[in-house]
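Chain A is already provided as a structure; the job is to place chain B on it using the hints.
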Amino acid sequence: MATNTQIPVADRRVPVIAPGHTFSTITEKISNIVLSRPVSLGWIVGFLIVFSMMNMLMMALGYLFIKGTGIWGINIPIGWGFAIVNFVWWIGIGHAGTLISAILCLLRQSWRNSINRFAEAMTLFAVACAGIFPLAHTGRPWLAYWLFPYPNTMNYWPNFRSPLVWDVFAVSTYFIISLVFWFVGLIPDLATLRDRAENPWVRRIYGLLAMGWRGSARHWHRYDTAYLLLAGLATPLVLSVHTVVSFDFAVGIVPGWHTTIFPPYFVAGAIYSGFAMVLCLAIPIRKIYGLQDFITMRHLENAAKVMLATGLIVAYGYGMEAFMGWYSGNKFDSFLLWNRLHGPYRLTYMALLACNIFIPQVLWLKKFRVSTGWLWLISFVVLVGMWLERFIIVVVSLSRDFLTSSFGMYYPTKWDWMTFAGTIGMFLTAMWLFVRILPMISIFELRTLLPESQVHEAAEVKQ
Amino acid sequence: MTMGDFSGNGPIYGLMAEFDSAKDLVAAAHKTHEAGYQKIDAYSPFPIEGLAEAIGFHENSVPLVVLIGGLIGGISAYALQYWVAVITYPVNVGGRPLHSWPSFIIVTFELTILFAGLSAAIGMIALNGLPMPYHPVFNVPEFAKASENKFFLVVFSSDPKYDAARTRSFLSGLAPRMIAEVPS
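Chains A and B, in that order, are what the protein sequence lines are.
Under this note's numbering, the first residue of the first sequence is numbered 392, with each subsequent residue one higher.
Under this note's numbering, the first residue of the second sequence is numbered 30, with each subsequent residue one higher.
Check the hints yourself; a few may be wrong.
Label pairs and their computed distance ranges (CB to CB) [claimed, not checked]:
1. B:Trp130 / A:Ile440: 29 to 35 Å
2. B:Pro92 / A:Ile440: 43 to 49 Å
3. B:Leu93 / A:Ser553: 33 to 39 Å
4. B:Ala155 / A:Tyr536: 48 to 54 Å
Take a look, some chain B residues computed to stay more than 12 Å from chain A by CB distance [unchecked claim]:
5. Asp53
6. Gly146
7. Arg206
8. Ile208
Covered stretches of chain B, going by a simulated chain A footprint (3 or more residues, C-beta under 8 Å) [claimed, not checked]:
9. 41-48
10. 59-72
11. 81-94
12. 131-142
13. 148-154
14. 186-197
These are computed hints drawn from the structure, not numbers from a lab.
A virtual CB, placed ideally from N, CA and C, is assigned to each residue, including glycine.
Chain A with its partners taken away, still in its complex shape:
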């Protein structure tokens, strides 16, 4: 982005690109991962593992389509179970990608340029995983198109007053816009791959995708505008998506759901888990592919700080829920608080507090922010914690609502676990392929970070 070039690369902090790089070395280093790096044994073994996990998902879904949702642990009162827990978890993870690519672009945070591409890919894959759950949960996924308004012989239309219908629109818009944003960002890099590929077929495929991009000043001019507008559109979109997801709960009257704090608290939680996933992926990838020059400690530290900040917002959300349980004087709300702390799911609530609130506080210490091992571990803990949060919200709230006679317990079955682990396999399979097929760091945006890309002096002299 030309708009990012105004930030001087020279800075007292760790630079966003290690010194000594030129336009060529950046191009070579990133495009060679795709074009000339041989496929390693480690990649193949890893791929086989994640691909088998993905096949487990196919089996679990295949059996689900034959037998119906009865194979899951859902029941009445807990009708949502893992399907919605995992849906919310995956959608949340996607949010960091859009935050990095859109919001940090508008805020002119040049450090985003080296992590936005794979964070956006992460968004796409996470939203794809998320989408599986509500579709499977409908029970008759082959009729899922009924969710969309279209003229039909039944003379039936969706209920636009329902948060579940809002969700359909929010999530599908989010997926499409993320895909478009990602693809638009890829076009100039696809042209680079086209020009560097030696195999004629590889060249043709990248050429086809690059659509004949030739870097004309006229094209860049429109490109910059379109990219900036997309960033500006994606910013309110990403904030709206998890807000709408939270409406699925907040519009209902179940204790623990019916609160006004849900939208901001969901968005913060989404970014929290998303950055944790970014770190979980970036730390091994930069090591394996030797990208420490582009994804520097500064990136990891910044991501850790974002995690710390959003984690505190989440902690505020928990605190407010507990406070309202006491302050509202509503006996169902205060029972919910008691139930979380002393009920049958108290261990998950304790684990949630540990994972999401207490353990991440070590990020206040620089020592933990600059150690990749610790950072990876803490990010993993946050991912577990955020999954537990959704479990608490969905399962614990539903298990004991108003009437004692309708209390129940939820136990996930092996099919629940297989579906969940399977989507992790699907996500990782997509990641595995992505790092070898497309440039995982935006090459042209990294070029703009080099001092050589600045033309201000020349432009001023001329004018």
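Then chain B, alone, in the frame of chain A:
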């Protein structure tokens, strides 16, 4: 600009000059434009601020396309919901108003973003005349570096001021790395 604007003027499409740095390219583009050349273009491996202005290109209809797309998305989304909820499929929920506009805001918002975003991407690609896998500039072998680390300026032969010999000597005055004819 599409290829059609320049083609059909004989076998030579234009003259291409190669530069080493973004600064040189912007300076050269300025000089060429000031010298009265109208049909020129510059190519770079990343967006350079001020380069489009340097070649005298000011048009940018992308924002207008996005605005129109967003308006169509928003208006059609609201109209659809109104038509469904009030006219064709009214559901009486305890006598509450059928035109319950606050609950229509979210879908209206989402579709505004969807249509505006798609217009931004498709509009940008279409206005740029892409997809166009073939273009005469690709005939110059050195041009492959335009997506890596080199900067190019092309004066099209369709320019009224274009003259094979004079334009070439003008371009060599800009101290380029090399000058090449672009066969069409």
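Against the structure, the hints come out as follows:
1. Checked against the given bound of 29 to 35 Å, the beta carbons of Trp130 (chain B) and Ile440 (chain A), roughly 51 Å apart, lie outside it.
2. Between Pro92 (chain B) and Ile440 (chain A), the C-beta spacing of about 47 Å keeps the proposed range 43 to 49 Å intact.
3. Separated by about 35 Å at the C-beta atoms, Leu93 (chain B) and Ser553 (chain A) satisfy the suggested range of 33 to 39 Å.
4. A hinted range of 48 to 54 Å is violated for the C-beta pair Ala155 (chain B) and Tyr536 (chain A), which are about 29 Å apart.
5. Residue placement check: Asp53 (chain B) does not keep its beta carbon more than 12 Å from all beta carbons of chain A (closest about 8 Å).
6. Against the 12 Å criterion, Gly146 (chain B) falls within the reach of chain A, whose nearest CB is about 4 Å from its own CB.
7. Distance check on Arg206 (chain B): its Cβ is at least 14 Å (rounded) from any Cβ of chain A, clearing the 12 Å threshold; non-interface status holds.
8. Every CB of chain A lies more than 12 Å from the CB of Ile208 (chain B), the least distance being 19 Å, so the non-interface label holds.
9. With a cut-off of 8 Å between beta carbons, the region 41-48 of chain B has 0 residues touching chain A; three or more are needed, and the interface restraint is violated.
10. Coverage of a stretch by a chain is defined here by at least three residues with a beta carbon nearer than 8 Å to that chain's beta carbons; for the region 59-72 of chain B and chain A the count is 4, and the condition holds.
11. Coverage of a stretch by a chain is defined here by at least three residues with a beta carbon nearer than 8 Å to that chain's beta carbons; for the region 81-94 of chain B and chain A the count is 7, and the condition holds.
12. Counting residues of the region 131-142 of chain B whose beta carbon lies closer than 8 Å to any beta carbon of chain A gives 8, which reaches the threshold of three, so the coverage claim holds.
13. Under the rule that three or more residues need a Cβ within less than 8 Å of chain A, the assignment of the region 148-154 of chain B holds, with 5 such residues.
14. Coverage of the region 186-197 of chain B by chain A is violated. Counting CB-CB distances below 8 Å, 0 residues qualify, and the rule asks for three or more.
In this structure, the earlier hints numbered 1, 4, 5, 6, 9 and 14 are contradicted, and the remaining ones agree with it.
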